[in-house]
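Enquirer: Sequence:
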Amino acid sequence: MDPVDKQLIGVLEEGLPLVAAPFAGIGSRLGISERDVIDRISALRQGGVIRKFRARIDQRKLGITANALVAWKGPRDSHDDLGPRLAAFPSVTHCYERRPVPGRWEYTHYTVHHGYSRGEVISEIERIALEIGCPEFRVLFSTREYKRVPNVRINENGGGG
92 MDPVDKQLIG
102 VLEEGLPLVA
112 APFAGIGSRL
122 GISERDVIDR
132 ISALRQGGVI
142 RKFRARIDQR
152 KLGITANALV
162 AWKGPRDSHD
172 DLGPRLAAFP
182 SVTHCYERRP
192 VPGRWEYTHY
202 TVHHGYSRGE
212 VISEIERIAL
222 EIGCPEFRVL
232 FSTREYKRVP
242 NVRINENGGG
252 G
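Residue numbers (the numbering used here): 92 to 252.
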C-alpha cells in the first residue's frame, strides 16, 4: 500500500459525493485518473485491506426512526437453529448469539429491527415470535445514536480479511 492508497482510503472514509462521476472527482482530488481510483479500490478490496464498500443511508431522513434491539429467550432445545431461523426474516438486519447469564439474563439471541414507527416494529417482532414459537423476548428501542461506522471498512493489518 503506497501513500496514494492511504490518501484514497481517507477520502473514501469521508463518503462518496452524490454526483454522476464520484470516482473522477476523487481522482481529481488525489491527482490520479478515475480509472486509477477504480483500479486501486479493486486492488485494496482483493488484498483484503478494504473489507466492505457500501452506501450508508441516513435512515432517519427517510423517516425510519424506530430502531429496536430484541433479546430472545428461545427454548433450550432450539438454541442451535434459533439464530438461522431469526436471521432468515427480511426485517432482521443483524442477528447475534451470546452466552446467557444463568439466573440473571437468560436471553441467548439478539436481533435488530428498523421501522417507521414503534408499532410497526413491535408488530413485526410479535409476528416473528409467533412464527418461530419463541414467546419470551425483550424489546429495547434506541433513544439516541452515538456512532455510525464508516462507509469503508479497513483491515488494520493490511490484508487478509
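Simulated from the structure, these hints should not be mistaken for lab results. Note that beta-carbon positions come from the ideal geometry of N, C-alpha and C, so glycine has one too. Fair warning: there could be bad hints in the mix.
[Claimed, not checked] With a Cα cut of at most 30 angstroms, we get these calculated DSSO-like pairs of lysine-lysine:
no., residue 1, residue 2
1, Lys143, Lys97
2, Lys143, Lys238
3, Lys97, Lys164
4, Lys152, Lys238
[Unchecked claim] FRET-style restraints, in silico, Cβ to Cβ:
no., residue 1, residue 2, range
5, Ser133, Glu222, 13 to 23 angstroms
6, Pro113, Gly154, 23 to 33 angstroms
7, Gly139, Glu227, 38 to 48 angstroms
Enquirer: Taking the hints in turn, state whether each one holds.
Expert: Hints and how they fare:
For the suggested pair Lys143 and Lys97, the alpha carbons sit about 16 angstroms apart, so the restraint of at most 30 angstroms is met. The straight-line distance between the Cα atoms of Lys143 and Lys238 is roughly 18 angstroms, inside the 30 angstroms bound, and the hint therefore holds. A distance of roughly 45 angstroms separates the Cα atoms of Lys97 and Lys164; the hinted pair therefore is violated under the 30 angstroms criterion. Under the criterion of a C-alpha separation no larger than 30 angstroms, the hint pairing Lys152 with Lys238 is consistent with the structure, at around 16 angstroms.
Checking the proposed 13 to 23 angstroms range against Ser133 and Glu222 shows it is violated: the Cβ atoms sit about 41 angstroms from each other. Taking the beta carbon of each, Pro113 and Gly154 are about 26 angstroms apart, inside 23 to 33 angstroms as hinted. Checked against the given bound of 38 to 48 angstroms, the beta carbons of Gly139 and Glu227, roughly 40 angstroms apart, stay inside it.
In the structure shown, a violation is registered for the earlier hints numbered 3 and 5, in ascending order.
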